[in-house]
Every structure is written in C-alpha cells, then in structure tokens.
Amino acid sequence: MNKKILYITKLTVTLLFLVACSQTKEAAQDIKESLFGSTPDEPIICKTSFQIDKNFINYLQNRANQELLTRVAIVAFNVPENFTSIATARKDYGNYIANRFKEYFLKYSPSGVFELLSTENLTLADRKHDFEYGNYRAISLAKRLGYNTLIAGQLNPITNDSELYLMLKIIDLESEITLWNGEIMVQDVERNKKNKNILKSNQAVFYFNERITLAAECAVQNIVYKK
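Each residue of the sequence shown is one higher than the one before, counting from 590 in this note's numbering.
Treat the hints with caution; some may be incorrect.
[What the hints assert, rightly or not] Taking lysine-lysine pairs in the DSS-like style, the calculated list, with each CA pair at most 27 Å apart, reads: (1) Lys-643 with Lys-732; (2) Lys-732 with Lys-696; (3) Lys-643 with Lys-691; (4) Lys-815 with Lys-643; (5) Lys-691 with Lys-815; (6) Lys-636 with Lys-696; (7) Lys-691 with Lys-717; (8) Lys-636 with Lys-691; (9) Lys-696 with Lys-643; (10) Lys-717 with Lys-636; (11) Lys-643 with Lys-717; (12) Lys-717 with Lys-732; (13) Lys-815 with Lys-696; (14) Lys-815 with Lys-636; (15) Lys-732 with Lys-691.
[Unchecked claim] Here are the computed distance ranges between Cβ atoms for each label pair: (16) Glu-656 with Lys-717: 33 to 43 Å; (17) Met-774 with Glu-670: 18 to 28 Å; (18) Ser-700 with Met-774: 20 to 30 Å; (19) Lys-636 with Lys-696: 18 to 28 Å; (20) Asp-750 with Gln-655: 46 to 56 Å; (21) Glu-656 with Asn-749: 47 to 57 Å; (22) Leu-705 with Leu-657: 15 to 25 Å; (23) Asn-749 with Gln-650: 36 to 46 Å; (24) Glu-721 with Ile-634: 20 to 30 Å; (25) Ala-653 with Glu-752: 33 to 43 Å; (26) Glu-692 with Asn-749: 21 to 31 Å.
The set of hints was computed from the structure by calculation and includes no laboratory data. Yeah, the Cβ is synthetic: ideal placement off N, Cα and C, and Gly gets one too.
Sequences are here, hints too, so could you generate the full structure?
Structural data, given as structure tokens:
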C-alpha cells in the first residue's frame, strides 16, 4: 500500500514538473515574440523592387571576359542623423550597412573586387546631399582612387517600428550610367500584433542589425540571381 502511494506521489510530482516546464517554455516564447516580433516560424520578410536594372552581373562578367579587373567601391550609406544617435552605439552606422553589402557581394558575386570607400571627411549632411543629387563627391573620389564602379545607398527615415527601407544605386564610373537603382524593404509582419510598449529605448528590440543584414543579403541575391 505504502509503495503504491509512493508511486502515485512520484507520478504526480513528475506530471506537475512537466506541466510547469511546458508553461515556462510557452511563457518564454510569448516574451520573445512580444520583444522581437516574428518567431522562427514567422520570418521577417524582405522585398526588392527596382527602377533600373541593366544586369550588373553581366557587366562584371563582360569585363572579366576582356580580362579587365573591376574594382567596386562601396560608400558608407547615408542614414538619418537622429537614427545614428538613438538606435546604435556605433560611431558610423552607414559603414556598418556598407560592410554588410560588401560581405554579401563578395559571397555571391562571380567576379569583381568589392572594397569600402572611406568618406570619413563627409558629414551625414554631406552624404545625404550627395546621395540625393547624383553622388558627385563619391564618384569623383572613387575615380581618383582607380575604381570602376560605385555602390551607394541610403537608409530611409524610420517611420514605424515594423518596416525598414533602403535605397541602393550601382554606377559605372567610366560612363556614369546607373546599372541598378532600387529599393529594399524589410518588414516584420507580426510586430504590429505584438506589445509595442516595452523597452522603446533599447535598439535591440527593433532588430535593426538583423534586418539590415537581411536587407543586404536579399538585395544582393536579387541583383545576382534575379530572384
């Protein structure tokens, strides 16, 4: 009899423990979803649209076939001035974005040398003006340094906490013809359903770095593979 009672007691404790673990796991998942929006089963989505597409990869391959080295300069992205101060501790988030694009062009592009073009002497206001009015400063600097192609971009002003928009241009420096010009949108479709009133001052909550990385890979794959 005592053995039977002991067995039932152990079984009850085990079942209570399993229920508690299940509830804890569910609670942790709820916290993760409320903090970060999408879960692994509900990925953040990325879409690329373009106004100009002159087949950048064919351009690189044609130059390679002619045994011409193509040096591609990637300039630090223009970012909203207030974004740099409130969203990240990095001194220059524009370089962080440019580095992500460099990383994925090196990974996916069949040819070309991709390098960061230093624009430390340009203020955020200078970069904004340059991007909006033809990238003349960046083009001039890249030409002087012997580059054949320029990649320039802009993080658009943040208007809500579920979407990011990036603009991107690829310019042939010899002809100054735009080879690719388009927009990359990254959206957390589930975030609007979650609790937004938490840790507003903590940039990690908004997944900026993760979404920028996704935007870079999404855009580069689209440009290279025509996805």
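Whether the CB-CB distance between Glu-656 and Lys-717 falls inside 33 to 43 Å: holds (38 Å)
> Quick one: are Asp-750 and Gln-655 within 46 to 56 Å, going by C-beta?
Replying inline: holds (48 Å)
*asked:* So if I understand the rule, the pair passes when the alpha-carbon distance is 27 Å or less; does Lys-636 with Lys-696 pass?
replied: Within the cut-off at roughly 20 Å; holds.
Notebook entry, point to check: Has the given pair, Lys-815 with Lys-696, been kept, meaning a C-alpha gap of at most 27 Å?
Noted result: Judged against 27 Å, a Cα distance of about 16 Å means the pair holds.
_Hinted pair Lys-732 and Lys-696, Cα distance within 27 Å_ = Given that 27 Å is the threshold and the Cα spacing comes to 25 Å, the pair holds.
With a cut-off of 27 Å on the C-alpha distance, tell me whether Lys-691 and Lys-815 pass. Given pair Lys-691, Lys-815 holds - Cα atoms ~18 Å apart, limit 27 Å.
Take a quick look at whether Lys-815 and Lys-636 sit within 27 Å of each other, Cα to Cα.
Roughly 12 Å between the alpha carbons, so the hint for Lys-815 and Lys-636 holds.
query: Holds or violated: Lys-636 with Lys-691, Cα cutoff 27 Å?
result: holds (19 Å)
So if I understand the rule, the pair passes when the alpha-carbon distance is 27 Å or less; does Lys-717 with Lys-636 pass?
holds (24 Å)
**Message:** Range first: 15 to 25 Å. Now tell me if the beta carbons of Leu-705 and Leu-657 are that far apart.
**Reply:** Since Leu-705 and Leu-657 have Cβ atoms about 22 Å apart, the given range 15 to 25 Å holds.
Exercise for review: Below or equal to 27 Å on CA atoms is what counts here, so check Lys-815 against Lys-643.
Suggested key: holds (12 Å)
Pair hint Lys-717 and Lys-732, alpha-carbon separation not exceeding 27 Å:
holds (20 Å)
Of the numbered hints stated above, none is contradicted by the structure.
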